[in-house]
Structures are given as structure tokens and as C-alpha cells.
Amino acid sequence: MTVSFLGWTLDNPIIPASGTFGFGLEYASFFDLNQLGSLTTKAITARPRFGNPTPRIAEVPGGMLNAIGLQNPGVDDVIEVILPKLAQVFQKPIIANIAGSVVEEYLEVIDKLNSEPQIGAFEINISCPNVQEGGMVFGTNATLASDLVRRSKQHSRKPLIVKLSPNVTNIVDIARAVEDAGADALSLINTLVGMAIDREKARPVLANKFGGLSGPAIKPVALRMVFQVFEQVSIPIIGMGGVMTAEDAIDFILAGATAVGVGSANLRDPFACPKIIEALPGLIQHLGWSNIKSMIGGAHEKRHHRL
Amino acid sequence: MTVSFLGWTLDNPIIPASGTFGFGLEYASFFDLNQLGSLTTKAITARPRFGNPTPRIAEVPGGMLNAIGLQNPGVDDVIEVILPKLAQVFQKPIIANIAGSVVEEYLEVIDKLNSEPQIGAFEINISCPNVQEGGMVFGTNATLASDLVRRSKQHSRKPLIVKLSPNVTNIVDIARAVEDAGADALSLINTLVGMAIDREKARPVLANKFGGLSGPAIKPVALRMVFQVFEQVSIPIIGMGGVMTAEDAIDFILAGATAVGVGSANLRDPFACPKIIEALPGLIQHLGWSNIKSMIGGAHEKRHHRL
Amino acid sequence: MSRLVVQSNQWFADKVYQMVLSGAKPHEPGQFVMVEISKGIDFFLRRPFSIADSKNDRLTLLYKVIGRGTSYMTTLIPGDTLDVLEQLGNGFRIDPNRQDVCLIGGGSGVFPLLGLARRLHERGIRPTAFLGFDTKQSACLISELSRVCQVAITTMDGTLGEMGNVCLYQAMYQHSYYYAVGPMAMLKAIAQKTTNGQMSLEERMGCGFGACMGCTIMTKKGPAQICKDGPVFSAGDLIWE
Amino acid sequence: MSRLVVQSNQWFADKVYQMVLSGAKPHEPGQFVMVEISKGIDFFLRRPFSIADSKNDRLTLLYKVIGRGTSYMTTLIPGDTLDVLEQLGNGFRIDPNRQDVCLIGGGSGVFPLLGLARRLHERGIRPTAFLGFDTKQSACLISELSRVCQVAITTMDGTLGEMGNVCLYQAMYQHSYYYAVGPMAMLKAIAQKTTNGQMSLEERMGCGFGACMGCTIMTKKGPAQICKDGPVFSAGDLIWE
Ligand SMILES: Cc1cc2nc3c(=O)[nH]c(=O)nc-3n(C[C@H](O)[C@H](O)[C@H](O)COP(=O)(O)OP(=O)(O)OC[C@H]3O[C@@H](n4cnc5c(N)ncnc54)[C@H](O)[C@@H]3O)c2cc1C
Ligand SMILES: Cc1cc2nc3c(=O)[nH]c(=O)nc-3n(C[C@H](O)[C@H](O)[C@H](O)COP(=O)(O)OP(=O)(O)OC[C@H]3O[C@@H](n4cnc5c(N)ncnc54)[C@H](O)[C@@H]3O)c2cc1C
Ligand SMILES: Cc1cc2nc3c(=O)[nH]c(=O)nc-3n(C[C@H](O)[C@H](O)[C@H](O)COP(=O)(O)O)c2cc1C
Ligand SMILES: Cc1cc2nc3c(=O)[nH]c(=O)nc-3n(C[C@H](O)[C@H](O)[C@H](O)COP(=O)(O)O)c2cc1C
Ligand code: FES
Ligand code: FES
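Here the protein sequences line up with chains A, B, C and D, keeping their order.
Heads up: the first sequence begins at 16 in this note's numbering, then just goes up one per residue.
Heads up: the second sequence begins at 16 in this note's numbering, then just goes up one per residue.
Heads up: the third sequence begins at 460 in this note's numbering, then just goes up one per residue.
Heads up: the fourth sequence begins at 460 in this note's numbering, then just goes up one per residue.
Some hints here could point you the wrong way.
Calculated lysine-lysine pairs in the PhoX-like style (CA-CA distance at most 20 Å, straight line) [stated by the list, open to error]:
(1) C:523 <-> C:484
(2) B:290 <-> D:498
(3) B:317 <-> A:224
(4) B:173 <-> B:127
It should be emphasised that the hints constitute simulated quantities derived from the structure, not laboratory data.
Modelling step: build the complete structure from the supplied sequences, incorporating the hints.
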């Protein structure tokens with residue numbers, strides 16, 4: 016079940032996705048977090064953010080929309096209050112998801128978090144669809160994306176994962192650009208921009224009008240992007256989008272993911288990750304593989320061997 | 016229930032979407048086609064096309080993938096064999112969906128169909144994700160799209176609807192470009208590019224690897240694009256993507272659609288369209304509106320009045 | 460997370476059903492549960508429902524049929540099981556020394572007041588309940604509440620009790636403390652008169668346990684999650700636009 | 460499209476269930492139905508199943524548990540209803556003057572042969588059935604078929620009948636005409652020996668009635684839809700790579 020990722024050995028490839036797992040603390044009352052491969056924090060910004068007005072959540076067929084708007088207590092509070100609490104319930108390296116309105120905000124957060132030993136890697140979020148400034152703007156423009164990644168890389172003393180937006184014409188272009196700019200790994204995908212309408216009130220359900228679509232509905236798009244990017248880049252991929260079961264996780268690994276992010280599934284079922292982790296070994300055996308490493312990219316005709 | 020669209024009066028806004036309704040003939044054995052507002056044909060190309068190898072179909076959460084690859088008997092057969100048959104079971108103007116590998120192929124089909132009186136409008140398909148050449152290539156590049164539309168417009172003696180691809184960073188850019196190039200209306204959306212993996216065989220389910228995602232899973236993305244485009248263009252929109260019920264159809268109208276395309280739903284339930292048409296009047300009344308026209312764009316803060 | 464068994468699921472009042480579940484953990488009045496409507500993805504999110512009452516392993520929910528999920532719930536029959544996330548939220552805080560309290564419920568807001576009234580009654584407190592409904596048909600819980608407290612009723616159309624809006628009921632402001640549950644407009648009107656009380660809030664929820672930040676409101680003490688820091692708030696902490 | 464009622468739904472052989480539905484239209488052997496697994500979007504597409512037998516308003520399906528849909532089907536109980544698109548496809552063509560015919564079935568391919576054998580029997584034709592299974596446990600329909608025709612069996616592991624692949628069975632090529640249903644590899648092997656017969660094909664289907672072009676194959680007569688122009692084809696019309 017172990018996989019090598021960014022130089023660490025993950026006990027298993029399952030990593031809760033940013034924004035669906037808070038800072039882990041709520042889930043610690045449900046199960047022992049150390050069962051996880053790693054965990055990704057909610058997006059961290061330089062200063063506290065309240066986010067968008069409510070309603071921030073809508074149910075849609077096969078998934079949900081969210082327009083949280085990067086609510087978080089800011090990097091200082093994360094360092095002073097949250098990371099010490101998390102250290103008591105989770106002893107593996109975590110992934111810190113980082114967001115900002117401008118490049119300088121990303122750099123400020125990186126500078127401050129650089130010296131936190133709990134953090135194993137940064138995940139640069141250039142794909143949040145729910146904020147006016149920054150966020151997805153970086154993720155939908157190869158030049159802006161690669162500039163941000165290059166400068167982040169100069170500041171960062173930890174491996175840099177870049178989380179891509181699926182709301183683009185050509186995901187491979189962006190993936191290549193950030194790889195060239197120094198990214199150590201990619202996370203894909205973030206949410207698709209969608210909306211729901213309250214037909215009784217004849218207005219959008221979300222106060223923010225639009226929100227990010229996640230859940231099983233986006234799995235085919237996510238799989239396709241992981242598959243395409245795997246063939247064109249040589250850095251590892253955290254694949255995510257609609258993973259609910261061990262079967263879904265395996266699909267992402269066969270498409271080319273080294274690790275698998277689990278997002279909205281945690282909200283529906285707080286035990287989603289441990290259930291997936293428990294089911295994986297049996298499934299891998301049933302499918303006739305000896306280990307996860309050998310399965311990475313297994314659905315490609317010419318499978319690359321890059322472990 | 017009537018709406019004006021391209022100068023015609025549709026008895027109702029429900030129009031089966033291209034590729035899910037063949038050329039109507041199969042459905043004529045299920046119900047009287049004249050109940051429909053109009054109907055859209057399968058894509059027509061200059062010469063017969065066999066399409067992609069099978070499997071061409073996969074089920075995914077909340078929808079399906081298809082990689083038909085524009086199978087059709089070619090424009091000559093459509094004119095000689097199919098349109099006369101269709102004339103016997105459907106007496107309203109139809110929408111002919113047109114595709115091609117190169118601009119000249121589109122123009123050839125338009126030239127040939129121009130003199131067919133059954134055809135009320137052309138729907139230029141610049142968004143088929145399942146062919147190597149043409150198709151989505153036009154729909155994901157504003158310059159190519161507007162060039163194709165401009166030249167099609169010069170040839171066409173019928174109103175021109177342009178069917179957009181959702182696989183783009185900015186749908187509004189493309190919509191504006193084709194409006195400027197002379198499009199009379201827009202259809203959105205075509206399918207999202209996705210994939211499914213056969214994990215037992217460790218390979219893509221579809222012979223074509225990737226396919227077009229349709230069904231309820233894409234409804235939030237489709238609604239968002241209709242909503243965004245409605246605010247930025249002044250030509251009417253046929254909204255589609257995941258419409259299964261009258262409620263879904265109303266959501267698209269409130270988002271800004273003048274007519275509503277029903278696609279995959281027809282495959283699951285051949286009576287989907289007549290059922291939706293039957294349910295609409297009661298639903299409109301329940302929601303407190305006097306007619307459909309007044310609902311178009313009703314979910315926008317500043318509602319445009321463009322009927 | 461538990462699998463609870465439907466013991467009964469019956470019509471209770473106009474568009475309102477009562478569901479009794481067994482196998483449940485104990486709950487405080489004011490807490491809520493997140494119910495998985497069915498397996499599969501037809502209902503992706505769980506639905507939040509307040510505890511109407513909780514006794515031994517029995518949990519009573521009262522639910523109004525609003526949309527897809529609650530419509531589906533009416534089709535469940537005894538013996539069916541439901542996956543439920545239990546013991547969510549903070550619940551009402553009860554001060555045994557505070558005797559002169561009233562309960563204010565508007566519409567579905569009356570549901571969680573039943574368990575609260577019973578709990579107060581166990582503690583020797585007999586509050587007055589002011590209940591507001593649209594019309595006689597939708598009125599409910601009156602006989603149940605009458606057993607443990609005094610009940611005063613308003614309906615918008617005057618078909619039962621006094622005519623008008625419950626928050627216009629002057630008598631309730633004579634009590635020194637309140638517990639209020641109901642539509643935002645009602646809560647706001649009450650808070651503008653007095654903030655001596657607790658209010659239970661509702662919002663669309665992604666998780667129900669503090670992970671998704673879907674249900675955040677700004678309070679005088681900073682951002683708060685309705686699902687975790689609430690749903691019951693001190694009226695004085697809330698901010699109204 | 461009809462709502463059929465489940466009359467029975469029982470284990471039939473290893474991983475194979477038999478479902479009898481009432482309220483059905485009459486069907487020809489070789490035709491198929493498209494079954495809606497459940498309402499809602501948990502199963503977006505219908506599933507195609509051949510008619511194992513059709514009598515009065517009763518339709519018998521035999522289904523192998525393969526994936527999500529067929530697993531779910533095993534949970535249905537008598538009285539449940541299913542939305543079914545009926546009378547799809549062309550069915551086997553029977554020539555009453557052709558007496559010396561054999562049936563060839565591999566795995567689940569044996570299911571539609573039951574109705575065909577019974578129909579041939581009604582017409583006074585008594586074919587020989589050559590059935591191939593993986594192993595004894597998965598063998599089925601032998602006693603049912605024995606009543607209306609002669610049966611010869613092969614299993615891959617030799618646990619029942621002759622050991623080996625059914626299409627290697629030389630005896631069957633002594634018959635002047637065949638009806639074959641089974642995996643593509645089996646059909647191809649047979650077609651390479653002789654094309655004097657009909658073959659029923661399978662493919663993933665979007666609609667089942669000719670609208671989506673999901674099930675197209677190239678034949679010697681041009682493109683054909685398995686769902687509409689088939690599923691039964693003259694072996695001589697098929698093209699093998
Ligand atoms: C803490 C809390 C306690 C509640 N207690 C009760 C109760 O005891 N009895 C009762 O009848 N109702 C209660 N509600 C409201 C109840 O959750 C909604 O009526 C229900 O979720 C509607 O589901 P639906 O599928 O029928 O509606 P739909 O409109 O089809 O649901 C679509 C989505 O919107 C959400 N949603 C719709 N209305 C609301 C709402 N008012 N609040 C939160 N989410 C909503 C649904 O949960 C779902 O995710 C409570 C809500 C909260 C937040
Ligand atoms: C004309 C025809 C007749 C058939 N008759 C029978 C029969 O009598 N008995 C029987 O057991 N099976 C029959 N099959 C195969 C049967 O349709 C599949 O086994 C079934 O659809 C699998 O569904 P699932 O949800 O369990 O599998 P999943 O793999 O979970 O299904 C996923 C999707 O793939 C499709 N699919 C998977 N396998 C097949 C397949 N072999 N053929 C077509 N679609 C497939 C499903 O319909 C569904 O859309 C027939 C198929 C066809 C085309
Ligand atoms: C409520 C919610 C909040 C999210 N917040 C963030 C975030 O802060 N940063 C980020 O990079 N992604 C965020 N995401 C995106 C997820 O991490 C993930 O990429 C996406 O939801 C797809 O995975 P899923 O389908 O498994 O949910 C959020 C998703 C949800 C549902
Ligand atoms: C099987 C299938 C074939 C399709 N073929 C075409 C086509 O030939 N031309 C076209 O413009 N769109 C085609 N589409 C796209 C649909 O017209 C429609 O835009 C899309 O499916 C979204 O709508 P839906 O979710 O209601 O299916 C096809 C869709 C399906 C499912
Ligand atoms: S509903 Fe998720 S934090 Fe409250
Ligand atoms: S399955 Fe749709 S055409 Fe055959």
C-alpha cells in the first residue's frame with residue numbers, strides 16, 4: 016500500500032483534499048488520523064478571511080456546489096493555534112494548501128510556514144473559483160501560473176505541489192507550464208465552476224451565484240485530465256474528483272495518479288477515508304496486482320515507469 | 016407555452032438535442048413528434064461517416080460518456096432518404112446539426128441543405144469532442160470559431176445557431192466572438208470531455224479513450240454557462256445539459272435560455288420530451304408565472320427583456 | 460455515525476411527518492442530526508434535522524416536506540434503516556435558576572421546542588410557549604406541549620388562537636428569558652426587542668460537523684459555524700443587518 | 460415502455476439469477492429488453508437483457524451478476540416493479556423448412572437459447588444444443604433445454620461434459636445451420652469454420668432502440684445498429700478483424 020511521493024513514503028495513497036477536512040481536528044473525533052497517507056489543510060491566506068455570504072452550499076445531481084470563499088483564520092493563527100493542536104492528533108507530514116489574492120500574499124504565507132516542521136509540502140492553490148481576486152485567475156493562464164510557481168519555488172523550503180483548475184481549454188498546457196516553472200508535483204482537479212437555481216425564488220441558490228462543483232459528477236472530467244497530464248509531465252500527480260470508494264481511488268491510480276485526494280466524500284461520510292484505506296488491499300488483490308506502485312498509470316497503453 | 020425563436024413561434028420550448036434523437040424516426044414509433052417545439056438532427060457531414068470503434072458508450076455517475084464520432088449517412092443520403100421520411104411524421108421546421116473536419120466541409124453541407132424547406136435553421140457544431148479533426152478544435156478557439164461562423168453565414172440561407180463547447184477557459188469570449196461573426200443564436204452546452212476506466216482490464220472503457228460527458232452531472236456547469244452568456248450576448252440561447260424534467264427545463268429558462276435542449280434523457284426514456292412538455296404548464300403556474308416568455312432570464316438580478 | 464431503525468413514520472400535521480428512530484444515542488434539546496436520505500448519489504448531501512425529542516434509544520424527528528429529500532423520507536416504513544450522524548451541535552443551555560422563561564416557535568421552529576419543554580419540565584421549570592403558525596392546518600405539537608407548559612398560539616390568518624405574527628405577541632416580552640426557533644425574520648424581530656435569550660439558526664449544510672465552512676455566520680465573537688458553535692446562539696452574540 | 464411486476468427473482472446458478480416479470484408484451488426469441496435498474500440517477504443507463512423465455516404476459520430473464528446494476532437487481536423482491544422498454548431488436552429468424560439446426564451457447568449466451576429452443580420445438584424442430592461453460596458450477600439450463608432438444612456440454616475445466624471450448628466441438632459443424640450466442644471469440648471461431656447460421660451480438664448500449672448510434676458495427680451490408688438491425692445477424696454478413 017505504500018507509495019513514494021516527493022521523497023516521503025506514504026503508508027497509503029489516500030489524502031483528504033483541501034477544504035473538505037478543515038485542519039483535521041473535527042475528524043480526529045471520528046477516527047485516528049494517523050491511518051491517513053497524509054492530509055491537506057484548508058486554504059491558508061496571509062490574513063484571516065471570512066469568506067462569502069451564505070448560502071455557500073448547494074446539492075446538485077451527483078455532487079455539490081460550494082462557494083466558501085477561502086474562509087480561514089489566517090497564517091498566524093494557523094501557526095500559533097491550529098498546528099499545535101493538530102500535532103497532538105496527527106504525526107505525519109501534512110500538506111498546507113496556500114492561497115492569495117496577489118503573488119506577494121502566497122509568498123508571505125510560504126515564508127511564514129517554511130519553518131513549521133509538521134508541514135511536508137505546500138499545495139499552491141491556483142484554482143479556487145470562489146474568490147474575485149487571485150485564485151482561479153492564476154490557474155487559467157499559463158503565464159501567470161508559471162510566474163507564481165517560479166516565485167513560490169524561490170521562497171519555498173519545502174516541495175511544491177500545484178493544484179490546477181479544470182476550468183481551462185487545455186489542462187496539459189498549464190501542467191507543463193508549472194512543471195517547467197519548478198513544481199514538484201501536481202494536484203488535479205479542483206472544482207468545476209457551476210451554479211444551481213432556486214426556481215421558487217427565481218434566483219441563484221448560492222449567495223455568490225456560482226460555486227465549485229465537486230463529487231462523483233466530476234469524476235470523468237478529473238480522470239480524463241489526470242490521464243492526459245500523466246502522459247505529458249514527469250512529476251507525480253495527486254488525482255482527485257469524486258472519489259467515494261476504493262474503486263474510484265484505483266481508477267485515478269490507473270489513470271496516472273501517485274496519490275489520491277478525497278474531498279466531498281468526507282462531508283457526506285466522515286469515515287470515508289478510513290473505509291477506502293481499509294478496502295484498498297482487498298481490491299488490489301482482487302484486480303490481480305501486487306502493489307499500488309505497479310498500478311500507477313496502468314491504464315495507459317505505453318505505461319511509464321516513474322515511481 | 017409558446018416562445019419566439021429566430022422568428023418562428025415554437026409551440027413550446029422543448030427541442031431534442033442533436034445526436035440523442037437520431038433523425039427523429041425511431042421516436043415516431045413512441046409518440047407524435049409534432050408535440051415537440053422542434054427537433055435537432057444528428058450531426059450531418061458532407062460524406063458518410065462510420066464514427067469510432069465500439070465501445071462508444073459508458074455509464075458514469077449521474078450521466079454517460081459517448082464517443083460516437085459523428086456517425087451519419089452523409090448529407091446526400093439525408094436529403095434523399097431521411098428528410099422525406101421525417102416529413103411524414105414531423106411537420107414543423109427542424110434544426111439541422113452540421114459538422115465537418117474543415118471549414119469547406121461545413122460550407123458544402125450548408126450549400127446542399129439550403130434548399131430543403133423542412134430545415135428551419137442550421138446548428139453549427141463546433142464542439143464535438145469525439146473526432147480528431149474539426150469539431151471541438153473550432154469551438155475552443157475564438158478566432159477559428161468566428162472565421163467558421165462568418166463563412167457559414169455567407170453561405171447560409173437559414174438562421175445560424177452555433178453550438179458551443181464547454182471545454183474552454185472562457186465561454187463568454189467564444190460566445191461574443193461568434194455573435195460578432197453573425198450567429199443568430201447559440202446552443203450551449205455540448206458535452207464535457209471525460210473518461211471512464213475499466214479497472215478489471217486496466218484500460219479506458221471507450222475505444223476512443225475519451226468521450227463526451229452528458230446528463231445531470233453536467234447541469235450545474237451548463238446552467239452557469241447559460242447564465243454567464245445571457246448577460247453578455249443579445250442573441251437567444253438554446254440551453255441544455257442534464258435536462259431530465261420540467262423543473263430542469265425551467266432552471267435553464269430562468270438562467271436565460273429561450274428554448275431548452277433535451278439530450279441523454281431521451282436515451283434513458285424515449286418519452287422524456289412529451290413528459291416534460293406535459294408537465295410544464297402546471298409547473299409554470301405553480302411557480303406563479305403567467306407564461307414562459309416572462310421567465311427567460313428570470314434568475315438574473317437585472318433581467319434583460321429580449322423576447 | 461449510526462444505523463438507526465425506523466420505528467414509525469407518520470403524517471403528523473399538514474405537510475409534517477413524525478419519524479421515530481431506534482438505536483440512537485442520547486441527545487440534548489437543540490442538538491441536531493444529519494440524515495442520509497438514501498445510499499447512492501441520488502441525494503448527495505445529508506439533511507439536517509433537529510431533535511424533537513430523545514428518550515432512551517429513541518429519537519423523534521418532526522420534518523416538514525419541503526423538497527426532494529423530505530418527500531423521499533415520507534416513503535420510509537418501519538424496519539427501514541437510516542444512516543445518521545448524531546449528537547451534532549451544542550444544544551440549548553439551561554440555567555436551573557432561571558425560572559421565568561418562554562419558548563418562541565415559528566412554523567417548523569416549534570419542533571425542537573418539544574424536547575426542550577420536556578427537559579425544562581424535568582428540571583421543574585414550566586415555561587410558556589408562544590407558537591406561531593400560518594394557519595390552523597399547519598398547527599401542531601399543541602397538545603404535547605400543553606402537558607409540560609402553557610401554550611399561546613397565533614396564526615397568520617386567525618384560524619387558531621390570536622391572529623398575526625408570533626413575534627408581535629407582546630406578552631412574551633414580559634418573560635425575562637426566551638428560547639426562540641423559527642424563520643430569520645421572526646428571530647430578527649425578537650432580537651430587536653430584547654436579546655435576553657437563545658436562538659437556534661438554520662443554514663444549508665455541507666457536513667454538519669464543522670469541516671466544510673459551509674454554514675458560517677459572523678457573530679460579535681467572530682466567525683462561527685452554525686453546525687458546531689451553534690445551532691443555538693445567545694441572542695446577544697448575533698449580528699443583524 | 461411498461462411497468463412490469465417482479466413475480467420471482469431467484470438464484471439460478473453460480474452468479475446467475477432468474478427473474479420472472481408479469482405484465483409484459485409478447486416477445487420473439489432473440490429480442491431483448493432495456494431494464495431501468497432504479498429511479499433516480501444512480502444507474503443512468505438502462506441495462507439490456509435478452510428474453511430467456513416469453514409466455515402470455517410473463518417474461519423470463521436470466522442475468523449474470525457482473526457489476527453494479529446486476530448486483531442491485533438481485534435485491535428486488537416479488538411485487539417490486541421495473542420500468543422496461545420491451546420488444547427491442549429483431550430476434551432469430553426461423554425457417555420452418557430448416558430442420559437440421561443446432562444451437563451454440565457460450566456462458567451467458569445460453570440464456571436466449573431457451574426461448575428459441577422452445578419456439579423451434581413448437582414448430583416441430585428439435586435441434587441439438589451445444590453448450591459451453593467455464594465449470595460445472597456455472598452450467599445451467601441443461602434440464603430445461605433437455606426437454607425440448609438434445610444437449611451436449613463442454614466445460615473449460617472438464618468438470619462437466621467434455622473438456623474444452625464449445626467451438627472446438629466438431630459435431631456441431633455437421634449440422635447445416637446454427638444459432639450461436641456467446642463471447643466474441645467464440646463467435647469468431649465459429650464464423651471462420653462456417654457462416655451458415657445466425658449470431659446474436661452484444662455491445663454497450665445508450666438507448667437500445669436505434670437513436671444514439673452507440674452500438675454500431677460495420678457489416679458487409681454497411682453500418683448496422685446491434686440494437687435495431689440486430690442483435691441477431693446472419694453470420695455471413697459479419698466482418699471479423
Ligand atoms: C440545524 C437545522 C435543523 C433543522 N431542523 C429541522 C427540523 O427539525 N424539521 C424540519 O422539517 N426541518 C428542519 N431543518 C430544515 C431541513 O434541514 C430542510 O427542510 C431539509 O434539509 C430540506 O430537504 P429537502 O431535500 O426536502 O429540500 P431540497 O430543497 O430539495 O434540498 C436541497 C438541499 O438544500 C438543503 N436545504 C433546503 N432547505 C433547507 C433549510 N431550511 N435548512 C437547511 N438546508 C436546507 C437540503 O438539506 C439539501 O441539501 C433544519 C435545518 C437545520 C440547518
Ligand atoms: C442485446 C444484449 C442482450 C444481453 N442479454 C443478457 C442476458 O440475457 N443475460 C445477461 O446476464 N446479460 C445479458 N447482456 C449483458 C448485460 O447487459 C450486462 O451484463 C449488464 O448490462 C451489466 O450491467 P451491470 O450494471 O451489472 O455491469 P456494469 O459493468 O456495472 O455496467 C456498467 C455499464 O456497462 C454496461 N455493460 C457492462 N457489460 C455489458 C455487456 N456485456 N453488454 C452490454 N452492456 C454492458 C452496462 O449496461 C452499464 O451501462 C446482454 C447484453 C446485450 C447488449
Ligand atoms: C467545501 C469545499 C471546500 C473546498 N476548499 C478548497 C480549498 O480551500 N482549497 C483547495 O485547493 N480546494 C478546495 N476544495 C476543492 C477540493 O479540495 C477538491 O479539489 C474538489 O472538491 C474535488 O474533489 P471531490 O470531488 O472529491 O470533492 C474544496 C472543496 C469543497 C467541496
Ligand atoms: C449519444 C450522444 C450523441 C451526441 N451527438 C451529438 C452531435 O452529433 N452533435 C452535437 O452537436 N451534439 C451531440 N451530442 C451532445 C448533445 O446534443 C447535448 O449537447 C449534450 O448531450 C448535453 O445535453 P444532455 O446532458 O441533455 O445530454 C450528443 C450527445 C450524446 C449523449
Ligand atoms: S456544515 Fe460544514 S462546517 Fe457547518
Ligand atoms: S444502443 Fe443506441 S443506437 Fe443502439
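Hint check against the structure, violated hint numbers in rising order: 1
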